[in-house]
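S.K.: Listed below are the residues making up each chain.
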Amino acid sequence: MNPYRYLKALAWSGPILLVGTILCWGVLGHNIPPYSTALEAEALAALVREQALSIRIGMVLQMPVSVFYFVWGVVISKVMQTLERDNDVLSTLQLWGAGFTTLVLVIPCAAWLTVAYRPDIMEPRMLQMFHDFGWFFFDVAYSLTTMQFLAIGICFLSDEREEPLVAAWVCWFVMFVGVSFALLSLMPLVYDGPFSRAGLLNFWVEFTLFFLMMLVFSIALFKAINKLEAERHAAQSRA
Amino acid sequence: MPPSPGPEAGSTGNPRRRTRTPAIWIFLALDCASFGLFFQVFMVERLDQAAFFDASARQLDARLGFANACILITSSWLVAWATRVGMAGRVAEARRLLWAALVVGAFFGVIKIWEYAEKIGEGITVAANDFFVFYFALTGLHLLHYVAGMILLAVLATGPARIGDTAENLARYKIWLTGGGLYWHMVDLLWIFIFSILYLVGA
Numbered sequence: 012m013n014p015y016r017y018l019k020a021l022a023w024s025g026p027i028l029l030v031g032t033i034l035c036w037g038v039l040g041h042n043i044p045p046y047s048t049a050l051e052a053e054a055l056a057a058l059v060r061e062q063a064l065s066i067r068i069g070m071v072l073q074m075p076v077s078v079f080y081f082v083w084g085v086v087i088s089k090v091m092q093t094l095e096r097d098n099d100v101l102s103t104l105q106l107w108g109a110g111f112t113t114l115v116l117v118i119p120c121a122a123w124l125t126v127a128y129r130p131d132i133m134e135p136r137m138l139q140m141f142h143d144f145g146w147f148f149f150d151v152a153y154s155l156t157t158m159q160f161l162a163i164g165i166c167f168l169s170d171e172r173e174e175p176l177v178a179a180w181v182c183w184f185v186m187f188v189g190v191s192f193a194l195l196s197l198m199p200l201v202y203d204g205p206f207s208r209a210g211l212l213n214f215w216v217e218f219t220l221f222f223l224m225m226l227v228f229s230i231a232l233f234k235a236i237n238k239l240e241a242e243r244h245a246a247q248s249r250a
Numbered sequence: 008m009p010p011s012p013g014p015e016a017g018s019t020g021n022p023r024r025r026t027r028t029p030a031i032w033i034f035l036a037l038d039c040a041s042f043g044l045f046f047q048v049f050m051v052e053r054l055d056q057a058a059f060f061d062a063s064a065r066q067l068d069a070r071l072g073f074a075n076a077c078i079l080i081t082s083s084w085l086v087a088w089a090t091r092v093g094m095a096g097r098v099a100e101a102r103r104l105l106w107a108a109l110v111v112g113a114f115f116g117v118i119k120i121w122e123y124a125e126k127i128g129e130g131i132t133v134a135a136n137d138f139f140v141f142y143f144a145l146t147g148l149h150l151l152h153y154v155a156g157m158i159l160l161a162v163l164a165t166g167p168a169r170i171g172d173t174a175e176n177l178a179r180y181k182i183w184l185t186g187g188g189l190y191w192h193m194v195d196l197l198w199i200f201i202f203s204i205l206y207l208v209g210a
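Line order of the protein sequences matches chains A and B.
Residue numbers for the first sequence follow this note's numbering, so the first one is 12 and each next one is one higher.
Residue numbers for the second sequence follow this note's numbering, so the first one is 8 and each next one is one higher.
Isolated chain A, as found in the complex (with noise of 0.2 Å):
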């Protein structure tokens, strides 16, 4: 019996997730950085219709790829169950957490998407409406992945190996980067500036922490898996 089969195969699901966003989302979806909270609705529907063709492809492939968020979810699950006592507490928020991020990262790209489909007919204010309500669903719904990152950091800082699994700056790398989307909050409530969803803060500095989390992550969630192997191994041969 083999525990670990398939986890090392499914934890590339991170760095698919983290290219094909990026592409997807950032560069074909016009996201990255994104259109300013400024603009007025006559000027945001102008440029949509100018972008609407790259707009649906990326939006039509960053559906799919959102997916391997939640597979990745998964194996991070698999690899805490590891280090679990008592219960599994953690390891389920974590899962949920992540489930819920996937839609995060599903459904505003549907919203994205119906603004970019019929731009030309769509009266520019309810364009507008679609936009901001796709942006507030993807930012400002930071808790559930703050939820998940927060359950990761607190069980892998829990293993006591002299060596452990998950390096403890990881731990608190990842917690950090968690709460740090605090911040999102103020989105709503400003229209331009470094809190605004284009700003400085609120896209540049959330968002770069966002990515080179799934980086540093994904590269010790792979060190961790063969971890798990090698003491695996380790033990059969004793056996």
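In short, the hints are calculated from the structure, not lab data.
It cannot be assumed that every hint is accurate.
No farther apart than 35 Å at their CA atoms in a straight line, the calculated lysine-lysine pairs in the DSBU-like style are these [to be verified]:
#, chain 1, residue 1, chain 2, residue 2
1, B, K181, A, K234
2, B, K181, A, K238
3, B, K181, B, K119
4, A, K234, A, K19
5, A, K19, A, K238
Following the hints, complete the assembly by docking chain B onto the known chain A.
M.R.: Same frame as chain A, now just chain B:
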């Protein structure tokens, strides 16, 4: 559920691991760097509209900010004292000092909420102007850190009753005490910066 790792790999209470520097330093460094970035962004925004920011800063009551700085410094001093006696193994005394730090620290929250209520009563909200976006963002984020710190201190002050039962439990408590103390000092330090740039610069 996959089997737990073997005893050689996952042995609990590893003494070498317990003696390492608390990894919470990573979190504290990142947190301080983030606030450092916010302060820089604030100062850059301020350059564009200095007179306007100065006029807005004069609407804040520096006496309240100063009172809160004194409260946090006193509370931080009590935590430092608690850490010192706790590290010497005098857990009961450390806990009493942590309770004192909690009581003193609670006044910060009271003043902050009163200050927010006063500002909102005057019609000054986060939507008032760019200065108050920063005011509510920085003080609000700091308040979240403060609440987390108060919870941490309360856990350390009450904590599990059987800390002193074994050397392993005591060592674990000392790590948490050091980490919690460091976190509380950061909350104190950040407030001193926030007080300086929001309440004093241009006021």
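S.K.: Take the hints in turn and mark each one as holding or not.
M.R.: Verification of the hints:
1. K181/B x K234/A: holds, 30 Å
2. K181/B x K238/A: holds, 29 Å
3. K181/B x K119/B: Within the cut-off at roughly 31 Å; holds.
4. K234/A x K19/A: With Cα atoms ~10 Å apart, K234/A and K19/A stay inside 35 Å; holds.
5. K19/A x K238/A: holds, 11 Å
Checked against the numbered hints given earlier, this structure breaks none of them.
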